[in-house]
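The task is simple: from the sequences and hints, build the whole structure.
Protein chains: 4
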Amino acid sequence: MVIVMRPFATKKEVGAVLARIEELGYRAHLSQGVERTIIGVIGDERPLDPAAWEMLEGVENVVRILKPYKLTSREFHPENTVITLNGVAIGGDSIVVMAGPCSVESRAQIHEIAHMVKAAGATILRGGAFKPRTSPYSFQGMGEPGLQLLREAADATGLLMVTEVVSPMEVPLVAQYADILQLGTRNMQNYSLLHAVGEAHKPVLLKRGMSSTIEELLMAAEYILSHGNYRVMVCERGIRTFETYTRNTLDINAVPALKQLTHLPVIVDPSHATGKRELVDAASRAAIAAGADGLIIEVHNHPERALSDGAQSLTGEQFAAMVKRLARVAEAVDRRLAVGEPVVA
Amino acid sequence: MVIVMRPFATKKEVGAVLARIEELGYRAHLSQGVERTIIGVIGDERPLDPAAWEMLEGVENVVRILKPYKLTSREFHPENTVITLNGVAIGGDSIVVMAGPCSVESRAQIHEIAHMVKAAGATILRGGAFKPRTSPYSFQGMGEPGLQLLREAADATGLLMVTEVVSPMEVPLVAQYADILQLGTRNMQNYSLLHAVGEAHKPVLLKRGMSSTIEELLMAAEYILSHGNYRVMVCERGIRTFETYTRNTLDINAVPALKQLTHLPVIVDPSHATGKRELVDAASRAAIAAGADGLIIEVHNHPERALSDGAQSLTGEQFAAMVKRLARVAEAVDRRLAVGEPVVA
Amino acid sequence: MVIVMRPFATKKEVGAVLARIEELGYRAHLSQGVERTIIGVIGDERPLDPAAWEMLEGVENVVRILKPYKLTSREFHPENTVITLNGVAIGGDSIVVMAGPCSVESRAQIHEIAHMVKAAGATILRGGAFKPRTSPYSFQGMGEPGLQLLREAADATGLLMVTEVVSPMEVPLVAQYADILQLGTRNMQNYSLLHAVGEAHKPVLLKRGMSSTIEELLMAAEYILSHGNYRVMVCERGIRTFETYTRNTLDINAVPALKQLTHLPVIVDPSHATGKRELVDAASRAAIAAGADGLIIEVHNHPERALSDGAQSLTGEQFAAMVKRLARVAEAVDRRLAVGEPVVA
Amino acid sequence: MVIVMRPFATKKEVGAVLARIEELGYRAHLSQGVERTIIGVIGDERPLDPAAWEMLEGVENVVRILKPYKLTSREFHPENTVITLNGVAIGGDSIVVMAGPCSVESRAQIHEIAHMVKAAGATILRGGAFKPRTSPYSFQGMGEPGLQLLREAADATGLLMVTEVVSPMEVPLVAQYADILQLGTRNMQNYSLLHAVGEAHKPVLLKRGMSSTIEELLMAAEYILSHGNYRVMVCERGIRTFETYTRNTLDINAVPALKQLTHLPVIVDPSHATGKRELVDAASRAAIAAGADGLIIEVHNHPERALSDGAQSLTGEQFAAMVKRLARVAEAVDRRLAVGEPVVA
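Protein chains in written order, with my numbering: chain D, 491 to 835; chain P, 491 to 835; chain V, 491 to 835; chain W, 491 to 835.
No lab work stands behind these hints: they were computed from the structure.
These figures come from a predicted structure and were not determined experimentally.
Worth double-checking, as some hints may not be accurate.
Partial list, derived from the structure: chain P residues whose beta carbon lies under 7 Å from chain W [as the list claims (entries may be wrong)]:
no. : residue
1   : Val492
2   : His519
3   : Leu520
4   : Ser521
5   : Gly523
6   : Arg526
7   : Gly530
8   : Ile532
9   : Val553
10  : Ile555
11  : Arg730
12  : Phe732
Beta carbons: idealized from backbone N, C-alpha and C, even for Gly.
Shown next, in the form of structure tokens:
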């Protein structure tokens, strides 16, 4: 941490800062510039709150030097984390595709879609049973019966299954059915929930908050890791900007940035990141070209009748055609799609 | 809802849209323009999802006409909602000031601050016992013992007390101690929590998500009202923008906009909205001039030693001087500060 | 400037950075931390480009210590700059009100409005003759005849006159008619134009770019000052955020922030900052309460027939009523409106 | 255009709106809903200003139906515009690479870089002679001598040359040297400049404003086309968001969105869109995968000594390696890089 003193800070003010540094067990390093005195604080700065230091008399501002996360950082853990589930490796050389509807709506729907996406090459089934919806008047998901249908459809097709958990109380219930627990964008900083999934024995797919920085995403992951669960994937799903033509702005820069900063697998959600079915294909290709370890995509058998997020869902046919194109892009960056085994049901 | 068809939409496509409208029990109203056909959907559009309609063949885009919230809207309930607690009216003519530390740290601290803010004119004590913190390594709050200390300090000074609840499981516990339940910015769209406080018998202070629109804030309030709790205050606490000099950008426009759109009291948090102690005074004056019904302000007896948010906390002296200036601005807009009774302890 | 080296930077890499610092005539100051080595660069860092240093091997990142502007800063010039024109002082104790239509449309229109705003208390007439418009098909302003009409109307009422200049070629022409040259939000970083007005002998009203930081606004002002024109006012006119209910978000924090960082007068444009007539009043009161030195407001005799920006224009009656309310807020912060002398024509 | 009336709009208010519509030569189409009356305006709405209609009594809001641009739209001109220069086709099947330094600094520098990028496969040389810089104290470019050096280096290598023009006065000068005129992000809404390049006889590379919407970019292009110059490329170069780790956020969604909305070639600038050399490669691959027609990339022979933008410049070696990877991605989306002929000099 570096403390910058105001131009005419007095000796007494500088002395008080030095005293406080030593009081807390750190060493100080004074540097007298032309217009400013700056003081380096030597020691592990992570527990220090820069804001508290800015309150001291004569201090102009305070700059952190270290990243505030540790377990999550590639510096701390240089090799890629690979999460292996039932023979599917996430974060390794091959790229996983998760696909399915926004919400489970019925047995027929989820079974039909599961077969569709399996046949097209997905290895993980997605679908929501607990839906965080902006309006209290919208469909809120089927709840536990939805979880059962998802599990059934996953088992019938040999797919893994990921579904969202929205409250710490329901973590045990969802963990009973799901292979991967999803934390949604609105819950990225729901610390009770981060704590709860940190103690669960299931991998976690953590979505970036729609207005969170890359650093905040990694801090949220740090919560989960610091509670003992190291099997975390981080997911770029579009951020909120002034642009209104698309639902969100896919922050494609975040993909290589995250690969540099962390060892955790990086997933991209092009469906939410665009909000428009006709942009999903291009956004998915871009994600793979930029280095994503996986995609999570909304597919519906009847998008025009979906109870939620129809506009960004692909039909089975569109999805199958897209996966073929994605496989070619994966090869062009020396990777391959982790295509699922043929359906035996 | 208005459905805009693509330039060369066929009769069959238009027919399919009309059929779907009638199938769902609405009436359609066709309007043939020069370059586009548009179709009005007549009936209560709130349960309809525009995105689902955009999936139909030949549809270019879909425009909502009605606001998606109802109970919260001034159209539905033209008079101001006034929440009265122990003789303090929130949302009426006079303006309430809530003040206290970011976190309760000790009995001595919270008692000293409670006396300070009471003497200066506050009527409600604020303080956090459960703290949502970006870093898992930061101080997370004292928990239930903190709630006890807050209650004690409030009772000793005759102040009301507001404190944050971060998980649906803790709503009953917090409601046992607090007069007002606060929902923080990171939990504005935590629907389990909105549901839980919607069923609690305590007023709620709902903070705007740091990247939420005014409409989303009102939709979050709608969740609480739709579960039966009508005593909700909405709070502008700064939004996230590209500006980095301040911690957030106080959206002052939101104050008069909210007063027009909703009947609920509007509170402003100038401490978080600026993040800099030296801007809190001006931001508070602006909030009152713009029509806010109350302020919530961080005050600390030793800001430089605060365990959180020191940089934006005022000292008791600064706070007392500011309240005097605020009283003058309140008068200039024909209101007055709801100054507390003198301390008798 | 502080240079932070990567965790395992080699001695050779550190040596190369030190050598480069000395080569450029600065002194280096080495500080060995637990996880990082940091190097202070001693001397005036303003000519240095941090990005260039980040290219050196072993460098993790580079932090500036000094503000990049100088002439504009309050540190350099502690007293307020007061711009006096025809007896009207801008930046002193009293607050100026500039008012008028978005565009000059006809002699009758501008004369009627000039009399209206003068009678209500404005001291400066605003109006556009050269209009930067998003669409090439919209009305682009009357050009020089518009300037003549503005001058006439100003002279007839004893008002000063401010109008926008959009191209360096037209600076001499506009300066011939106007008392104050306005630089619009889209031109805040039009450096040819900043250069041209920097050499003009007229005060400048510089609007903040709609997505510019406070620092960038002050850097744009620095361009003008560095070319010899010290009579600059900076204007907050709303920034672009994700909020869509209002046209822009008035960054009210910027008002006290600018007053601290610079000695230049600070003006607020509540008409563009809200984009909605019914919010202008509250936003104007907030601006004055927050410490603004002046306001610039759109007023039209027939807003519903205005050729541009009708939705945010006040009628003369609305404006007059608002000025009375503003005068009370000004008093509450120990200032007063610089009300013009009665019209003698 | 659709006009939505307030819930209790009177017959007289509705009548006034209808009268105004007919007065302006449009036809009105009334639709009586349950809670609102809505009025369709039939005719070419482009010249109408929605804001003016919102001023009428009883009007709640006004919704545009048509896109505000025409010449630029794919609806108006379904086939791709292909700009052919010296045998290089931009906007066709093959993808062009423009490369070079941020600023021309000397003859030796620009010649060395031109040979580097030519050898690696670029077909167009980029370089700035007039530099818009945030600080008046930074290097502002070499001016005309820089243009001469760029022309020389382009001719020596058989490359085309693109360079920025910053003021309408300099359009003829720059057009004398350059093959393509670049309009920078800060000038996207500099209408005098748009007008001037609209009358020039050179193709234009128009960069998106850093906080401009896709629609505003297309409106800026419309200015140029409406002045007679149809050879325009639009360029996504990153937008401003709350993220601070990268200099800008590459809006990758904008690439397929622009390809759908307009017939003009779409170029991506991954250097500015990331601001970090180590992210340029991934961002470039993503741009091609998403459908970009070209890239513009900063390359420097000594990035660590560059007078501007060093941190985002690649070395010649890095650039050459990247181009090989890009060629593979181009193939995977059924396109190819428009690789330049071998150097003969």
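Please verify that hint: Gly530(P), Cβ, nearest Cβ of chain W, below 7 Å or not.
4 Å, holds
Would the hint on Val492(P) stand, with a C-beta cut-off of 7 Å toward chain W?
6 Å, holds
Hey, does the Val553(P) contact hint survive, CB to chain W under 7 Å?
It holds, given that the least Cβ distance between Val553(P) and chain W is near 5 Å, below 7 Å.
Under the criterion of a CB-CB separation shorter than 7 Å, is Ile555(P) in contact with chain W as hinted?
With a minimum Cβ separation of about 5 Å from chain W (threshold 7 Å), the hint on Ile555(P) holds.
Against chain W, run the beta carbon of Ile532(P) and see if the smallest gap drops under 7 Å.
5 Å, holds
Holds or violated: is there a CB of chain W closer than 7 Å to the CB of Phe732(P)?
With Cβ-Cβ at 5 Å, under 7 Å, it holds.
Tell me if Arg526(P) is really an interface residue toward chain W, meaning its C-beta lies closer than 7 Å to one of theirs.
6 Å, holds
Quick check on His519(P) please, does its C-beta sit within 7 Å of some C-beta on chain W?
4 Å, holds
Taking the least C-beta to C-beta distance, is Leu520(P) closer than 7 Å to chain W?
With a minimum Cβ separation of about 9 Å from chain W (threshold 7 Å), the hint on Leu520(P) is violated.
Taking 7 Å as the limit, does the beta-carbon of Gly523(P) come near enough to a beta-carbon in chain W?
5 Å, holds
Given a cut of 7 Å on the nearest C-beta pair, is the interface hint for Ser521(P) held or broken against chain W?
Because about 4 Å separates Ser521(P) from the closest Cβ in chain W, which is inside the 7 Å limit, the hint holds.
Taking the least C-beta to C-beta distance, is Arg730(P) closer than 7 Å to chain W?
Holds - the Cβ of Arg730(P) comes within 7 Å of chain W, reaching about 5 Å at its closest.
The structure does not agree with numbered hint 3 stated previously, though it agrees with all others.
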